[in-house]
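**Q** Chain by chain, the residues run as shown.
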Amino acid sequence: MMKIINMVVNGKPAELAVEEGESLTDTLRNRLGLTSVKKGCEVGECGACTVLIDGVAKNSCIYLSVWADGHSILTVEGLRTEDCELHPIQKAFVEEAAIQCGFCTPGLVLTGVELVNSGKKFNREELREQISGHLCRCTGYENILNALERVVGKNS
Amino acid sequence: MGVQKSVSRLDAVQKVTGTAKYVEDLILLDALHVKVVHSTIANGTVKGIDCSEALKMPGVVTVLTCFDVPEHLYATAGHPLSLDPNHADIKDKTILSARVRYYGDDIAAVVADTPLRAQLAAETIKVEYEELAPMLTPEVALGGDALHEACPDNELARMDFEISPEGNVSFERKRFSSDAVIAGRDDLKGEQYHVPPVNACHIENNCCFAYMEGRRMVVYSCNQVPHTLRRNVAEAIGMPLGDVRVIKPFMGGGFGNKQDTMYEPLVAFLSRKLGGRCVALVLTREETFVNTRTRHGMDLTTVTVADERGKITKKALRINSNGGAYAAHGHAVAAYAITNCFQTYIASELQLGESSTAYTNLPPAAAMRGYGIPQLAFAMESQMDDVALAHGWDPIEFRKWNMHRDGFCDPFDKFIVRSYGLESCIDKGRELSHWDDKRREYDEFNRSSKDIKKGIGMALFSYKTGVYPIQIENAACRIVMNEDGTAQIQVGATELGQGSDTVLCQIVSEFTTIPENRLTLVSAQDTDIAPYDNGAYASRQTYISGNAAKKTAMILRSKLLEKASLMTGVPADELTLKNEHATVESTGRELCSIADICSYFNFVNDLKTDTEHITAEATFTAKDICFSYGVSYIDLEVDVPLGKVKLKKVYSVHDSGTILNPQLAAGQLHGGIVMGLGYALGEQMLFDQKTGKPLNNNLLDYKLPTAMDVPEIETHFVETYEPSGPFGSKGLAEPPLIPQAPAIRNAILHATGVPIYKLPMNPQNLVHEFIRANLIKS
Ligand code: FES
Ligand code: FES
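Listed in order, the protein sequences are those of chains A and B.
Here the first sequence stands for residues 18 to 173, numbered as in this note's numbering.
Here the second sequence stands for residues 581 to 1358, numbered as in this note's numbering.
Hints were generated in silico from the structure; no laboratory data involved.
Among the hints, a few may not be true.
Not the full set, but computed from the structure, chain B residues with beta-carbon under 10 Å of chain A [said to hold, decoys possible]:
#, residue
1, GLN772
2, PRO776
3, ALA780
4, GLU866
5, GLN1078
6, CYS1172
7, LEU1249
Think of the CB as a built atom: it goes at the ideal place given N, C-alpha and C, for glycine as much as any other residue.
Okay, chain A solo, but in the shape it has when bound (with noise of 0.2 Å):
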């Protein structure tokens, strides 16, 4: 059975008929093309599916996309600031060469972003944990933490 859904989708209105037990990995990726959203394990274990639903970093592969009706959701498709410039914390990924294949990223991003949303600061060891639930098995994470130490880090 198809069901109508409404969501926000990186600020833009979106009405689509998807399938009840659809994931919203898969709305994003296969209905609105939104192929950042990463697909490693798809049962919650690696973080790749990473997006932010109403600003929380959410596993979209173990998110029904029936759930997302009424919510907004925000992928690194969106996320370009006013003069759509890089989101400082992808300037950070960049420039802390945090990225190898890359296919752990955007979801790492994303949770970047959450934090620096909270508006809160983090040391080292913090941030180790706000990013367990993402794995990379290119970079050993010591660049990511580099990156995202540059922006939300307790000096930074």
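Given the coordinates of chain A, assemble chain B with the ligands onto it according to the supplied hints.
**A** Chain B with the ligands in isolation, oriented as in the chain A frame:
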């Protein structure tokens, strides 16, 4: 900018903005989707398959079974073609197989209009088996029922040798045993080490799709070696090479696992069967664990005998390698491992190696970052500490007394070491980690502390860059100039996250003075366009493909200067390129820009000049090889009753020759180190010992390091100049993983006095060992 500078990754912005497209992002909208039916036994034969129900399910287009596929065998290893038939990769694979060789083997494939419908239909398929007892270890498999007709005793390959004190190698098949004594040498009793199979766990699961354009087959795959994949696919489905076009877009990590041909023959075969429609297969994480490749589990028995001065006199090593159900890389991984043991340290009297790889009923093993050397290093470097401890020697000094030196001639590949930073790496790490103070301080601490023990350990490695002369090492590059002086660089070298695109671009920039932001390296390899390259493995992209980029850029530079000379009348040998201009070398006077040259020769219309679209292309062939070196020092604490290791800090010092991009190079160290920590402390693929069923093929039960498991890391490069590498550089991507497990093991030995012989060193295994050593009263 050029080399030896931290140029930002070319693809960084694409990757943070989500515009980088990976294979799954490019599947055509009207594609059909495949779900593979995997066997639920580990060993036996499929007697019958009932797909009647599946064929009636909505959306199902067809079901292919193991009885419908061509019988001819093909190879899957991502190796360049060997013209010597004795060195060719083993052909033992069919697209689907009625002979089941591991739990999860491919026996049928359902094609439907959506992935979900394919999966639902696959679940209805009934399979009748004739079952045999699983043979999960070489011990059981050797001499058991043949898994492959061509290999009656299940021994995939052997390599035994003895190296004379003069460095001559004689290959001679020895008796082989599985106990601690090296066969036929009762005086050589060794220590046995065990390492389990592990998985590469790139975050992008393997996936591929294929469709036809007229008579041609187009295959998209996240594969590290597109030109080899093209050959393997053409062979598997019986098409001419020129009719197969392989495209590799962005790749979400590979680590060697994506070096092999996986399901590309299946989707191509299905596409052709279905009139050229697009057929796609995206593996689940569970499938990526079991149905791609693993790092070989091995049993290693090693002997190191030293005289009273600390000089090693006798060395012997036996490796029993678990190859799994299909040959893939055959014996190459074990051969790499066993030879490395006699490259790093040299014994004066006797050097004996025996190695065997067996077919078993586990998932096929093949390449993974380090290619057998992480396994070897665990055994070899652990034993170095044990011998040093037994004699009361400092483990660092003992290594220095015996490790190879500058000018060393490799007994197997007969090349000579011409860049040697190993000793400097050791000394630098010793200083950075405060080794001497900590060894003393922790000894003191451990005397009075019962439950918490502190230790610092180290391990080192030497690792060959590229695989010359065992295989051809070559790569090609093409640079195509545009009329405004910008350029397109085409390579067959594959970017999979390691940063090769950026470094190759830096090399071209260095010679042409064109800045990286005016160069475009075509990142996606399309075998219709990209010049030939063996692909990404053996830490060879900067070293080999970098030499191709260098050679091509030098040709281009000469060409541009010749053209400038024609335009200006100044002899070419008086000119040089500077700031994108042809410049008189002696005076520094700028004559014309590269843009002027390209534009003029592209469009000049003076009734006499032949126009020219300026390009350059070259193939580099390696005729030499080198070693990278490095060392890891690890500072840790052991909570003995819990068997828990708390890493305090990792100090990693490397000699990878000249570093062409320091920031990206450091990133390679971080990633490799953490993969090594995972190998040491938590990772292992588990199988039910009775049925061979995989037990932890998901990211929850397979313990991949998270950010919270990673300690502080300090990295340092000791730069040397390697004459055979571009600008003096050597391989870097694989090595950092290698010394981590033995360094941790040796730190645990320092902390607790307990030698560990088995990976992973997780609480379960450690508590067991501590009980045995009476550190924990049971
Ligand atoms: S794909 Fe959603 S958590 Fe892995
Ligand atoms: S950059 Fe490859 S998984 Fe994180």
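**Q** Evaluate each hint against the coordinates.
**A** To see whether the hints hold, each was checked on the structure:
Interface hint status for GLN772 of chain B: violated, as the beta-carbon distance to the closest one in chain A is roughly 30 Å, over 10 Å. This hint is violated: PRO776 of chain B has a C-beta 18 Å from the nearest C-beta of chain A, more than the 10 Å allowed. Because the closest C-beta pair between ALA780 of chain B and chain A is about 8 Å apart, less than 10 Å, the hint holds. Checking GLU866 of chain B against chain A by beta carbon gives a least distance of about 9 Å; that is within 10 Å, so the hint holds.
For GLN1078 of chain B, the shortest C-beta to C-beta distance to chain A is roughly 7 Å, which falls under 10 Å, so the interface hint holds. The closest approach between the C-beta of CYS1172 of chain B and any C-beta of chain A is roughly 35 Å, which is over the 10 Å cut-off, so the hint fails. Restraint check, LEU1249 of chain B versus chain A: the minimum CB separation of about 8 Å is within 10 Å; hint holds.
This entry does not satisfy hints 1, 2 and 6, going by the numbered hints stated previously.
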